[in-house]
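Fit chain X with the ligand to the supplied structure of chain S, relying on the hints for placement.
Respectively, the protein sequence lines represent chains S and X.
Take the first sequence: its letters are residues 1 to 710, numbered as in my numbering.
Take the second sequence: its letters are residues 711 to 884, numbered as in my numbering.
These are calculated hints, taken from the structure and not from any lab test.
One thing to keep in mind: the hints can contain errors.
Stretch by stretch, here's where chain X covers chain S in the computed footprint (C-beta under 8 Å, at least three residues) [stated by the list, open to error]:
| # | stretch |
| --- | --- |
| 1 | 240 to 248 |
| 2 | 661 to 667 |
Just a few of them, taken from the derived set where beta-carbon distance is under 8 Å, the chain S residues facing chain X [stated by the list, open to error]:
| # | residue |
| --- | --- |
| 3 | Gly133 |
| 4 | Ala151 |
| 5 | Ile175 |
| 6 | Pro176 |
| 7 | Gln271 |
| 8 | Val458 |
| 9 | Val497 |
| 10 | Phe498 |
Quick caveat, the model's predicted, so the values are computed rather than measured.
Positions of the beta carbon are idealized from the N, C-alpha and C atoms, including for glycine.
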Amino acid sequence: MTTTFKESIQDALANPNLRGALGRFSEAYKISREKAYAGMDFEAVRDAVRDVKAYGASHLEELAEAFKAKAEAAGAKVYRASDPAEVKAYILALAKENGVRSIVKSKSMATEEIHLNKHLEAEGIEVYETDLGEWIIQLCHQTPSHMVMPAIHMTKEEVAEVFSTKVEEGQQPDIPKLVKFARGKLRNRFLGADMGISGANIAVAETGSLVLITNEGNARLVTTLPRIHVAVVGIEKLVATFQDVQPILQALPRNATSQLLTSYVSVITGQVPNTDGSPKQLHIILMDNKRSEMAADPKFRQALQCIRCASCLNVCPVFRLVGGHVFGKVYTGGIGTILTAWFDELKQSDDIQGLCIQCGACKDVCPGRIDIPELILELRRRLAVEKGMPLVQKAIFAVVNNRRLFHSLLRAASVAQKPFAKGGFIRHLPLFLSDLTDFRSLPAIAPRPFRDTFKEIVQPECKEKAAIYAGCLIDFSYPEMGESVVRVLNKAGIQVVFPEGQTCCGAPARYNGAYETAAGNAKDNIKALLEEDVTYVVSACPTCTVALKDDFIATFESLGMEDAIGDARKLAAKTLDFATLVKKLVDEGRLEFKDGQQAETVTYHDSCHLKRTLHAQQAPRDLLKKAGFTVTEMKECDICCGMAGSYSLKLPELSAPILERKLENIKDTGATSVAMDCPGCVMQIRGGLDKLGSGIKVEHTAVRLAKRLK
Amino acid sequence: MDNLFASFKERAEAVSAEVHRCGTAAEARDFVQGLLKEVGGTALWAPCAFLEAEGRPAFPGLSYDVTRERAAEAKVGISQMDWALADTGTLVVDATGVEGRLVSTLPQIHVALIGADRLLPDMASVLGRIKPSKAGYLSMITGPSRTADIERVLTIGVHGPERLVIVFVEGSAA
Ligand code: SF4
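For reference, chain S alone in the conformation it holds in the complex (with noise of 0.2 Å):
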């Protein structure tokens, strides 16, 4: 990472304005956004929107062909652009033909993407923003923070002294009078311009509409009152049919602003009077800049599906302590940096992709079904294989992948923890090698690993039979945990074996683009666990599940290694999360927990990958209750802990303020313990207790439930 991206996430972090009103507002849009979808199934609208969105990103080319020859037919004209430089030229052409000296703009990230307006004002066009918050970035020169709300960053004050410093002297930090300061002083601006510049949130091939979706009723004056009105589309825009405009409608207003429909939405087919009564001259930029790029590649087409509602930047950990302009970009977030990958170039995402700490919050708002974390993940992998990878970071995976090397290291640091936390290569180990103890305290490891612990595990001979994936944190840091799995699984009458060959999930090398290292991984555990005549393999560890079930497979696709295959399914296939397998024996009435008095009150918190990837929610706290303790939900109980692996050690900045927050939700219960899946989430939330000096118990459930079986 360079050190003035490092320098833009400090001067963020220590923003309090910044850190904030994004925190408040995130609160708040979570509340808003369930409320505005109420009485209606969000997953059936998403899935019409996918579809919707899927075969336009799959017919660029025939759509804008159509939209063309409907739009030219109702009287527009329109120009198909395959670069910035074409677009901006076809406007100062056309602005210059017409004597235009004066523009009017309603908000449009097309143009943001394009920097359009400096383009013009250099040939001494005047161009005023009239969407009150990309006004307001206008004038103090700054790139919008957000894709729906451009100054979200700024307070009243700043915005006050914007407004007095650039255009009026005086004015006061007062929201309604800020308001209608803008509204009076645009409102000539609206009256004198020649041209209006608009987006489109759709266009209809079917039809040759536009459809522009807004609220402050700017882009109907921008269409309406100058002479000319220009509309620059990104082609992803294009839609089939007028019926498709349905979901988009349903999702945007909800996902961006929760509101059910925005106060305005205009569609505009071909030339409407002018003022005068005379016809309005149309024009439409189609856009493709590296639109149809990305529709040609398999993994990428689907961030076509975007429709720019920002839910993916309300609802991430990450962007509301930084907000945007870290991302330095004109999209930002999740999928501003897919989009800045493709529309600048892949290595202006070096840094920025790193910022994702692969919580999977986005994916499961998206309106468009983006697997955003997924496009991150193939980002990374991407850099790696251009730029190579850093030589003692590819040391470190060989290492990895060597699992007797591997393993006698971690054995040896079990012994003298020290001598391997010293220098960069350790830093970069799975994570219980590390020194770094700024914000919590590290787990030892343990005296002997699961592994040599299992075997002592005296064991009920049972007709069914699960081979445990323990995951390094398990074997190496916490083998009680294993045992208890062990435990409560003998006791539901299943025998547990530990098939000797398994070694680290890859998930780390996955995370950090080093796709072929996992690959290995992903071997060497399928030979290992297929081995065994098992009904189940189970793991307590929900990021090595979903590497199990998922990655495996997902890794050989990336890198074509169609052979491997068919064997990662049959694993995924037996795969199962602890919870949810026990759940499953529970309710098959298999095992029966102790009742009677109340054991505790316990709060729960949510592992990504158990919530969002394997969808494990309930089984938890369904056990918890069985066996007989009071669950208490916390605020926020699925926001990410901070934890994600090596995230903590790269940016221990981002990881420490999440951490933080999770702990003020925890304590704020008043429950005497915390339960968790994860032994990654019982790592990065123990510590930060212990540092606190609390009393509260952090435990995984398995732990939890061993103790209360009957």
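Chain X with the ligand in isolation, oriented as in the chain S frame:
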């Protein structure tokens, strides 16, 4: 119909629109007259079916000659809508004629007249009825103009009207 109206009213009021219902066209004229008197300033009424059926009332300050200059000056703009959607409190209108657009965008107050029989349940029902090939500029209006661009604080009335007064008229005129 009463259910649709109740739902429309609830949704529209939730986004700060004002919703009224008049039993006859005459009542609607009286309502408009009362409103103009109350708010003062000048008013502009865009051509519409209501006026064709009922004639053009002469109220002080009210003009029918819609120009951009007058619209920019006017306190009140009056126009007629084509459909109302109960589930979102939305008005839908073919706004191809520029007069209707001027009186609903520039003045501070927009009075939207609509026939009580023009209520539809939802977006799907209107999308099946409107044809972009027949209307160059379709507008959907849900509440007055709004912004939350400064500190996420909702503020009504930025570039468009700060009041949206919706008048349902029973009978066939509107
Ligand atoms: S990626 Fe999804 S959530 Fe993010 S802006 Fe696009 S549509 Fe919205």
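For each hint, the structure was consulted:
1. 240 to 248: Coverage by chain X holds here, the residue count being 4 at a Cβ distance below 8 Å.
2. 661 to 667: violated (count 0)
3. Gly133: Check passed: Cβ of glycine 133(S) comes within 4 Å of chain X, closer than 8 Å.
4. Ala151: holds, 6 Å
5. Ile175: With Cβ-Cβ at 5 Å, under 8 Å, it holds.
6. Pro176: holds, 6 Å
7. Gln271: Holds - the Cβ of glutamine 271(S) comes within 8 Å of chain X, reaching about 7 Å at its closest.
8. Val458: Hint on valine 458(S): violated, closest Cβ of chain X at ~60 Å, above 8 Å.
9. Val497: Given a least distance of 55 Å, the restraint on valine 497(S) is violated.
10. Phe498: For phenylalanine 498(S), the interface hint is violated, since the closest Cβ of chain X sits about 53 Å away, which is over 8 Å.
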